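Build out the structure end to end from the sequences listed, making use of the hints.
Counted the way my numbering counts, the sequence shown spans residues 3 to 74.
Just to be clear, a hint being listed does not mean it is correct.
Said to hold, decoys possible - Each computed DSS-like pair below joins lysine-lysine, with the alpha-carbon atoms no more than 25 Å apart:
hint	residue 1	residue 2
1	Lys58	Lys40
2	Lys73	Lys40
3	Lys58	Lys18
These are calculated hints, taken from the structure and not from any lab test.
Nothing here was measured: the structure is a model prediction, and the numbers come from that model.
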Amino acid sequence: MPIISDKIPAPCKGLKAGDIMGRNVICLNAVDDMTQIKDALLTSHHAFPILNANGKMIGIIPRNFIIVILKN
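Here is the structure:
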């Protein structure tokens with residue numbers, strides 16, 4: 003699992019999430035079917051927010067993690 007440093011690099015200090023994230027967010031559910039996962043992987047997104055049954059974000063999963071899980 004990637005570890006995020008507690009120090010913000012100087013070039014990033016003025017950035018907000020909206021400055022770098024995609025505009026059309028593709029979310030996956032904590033329990034989802036392969037059609038939704040396939041559709042998400044067909045996009046150019048590099049990571050996907052994970053939502054619980056109440057629609058609350060509970061995490062994020064990188065594209066490459068999904069691919070590894072599917073291969074194994």
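**Message:** Flag every earlier hint the structure violates by its number, smallest first.
**Reply:** none
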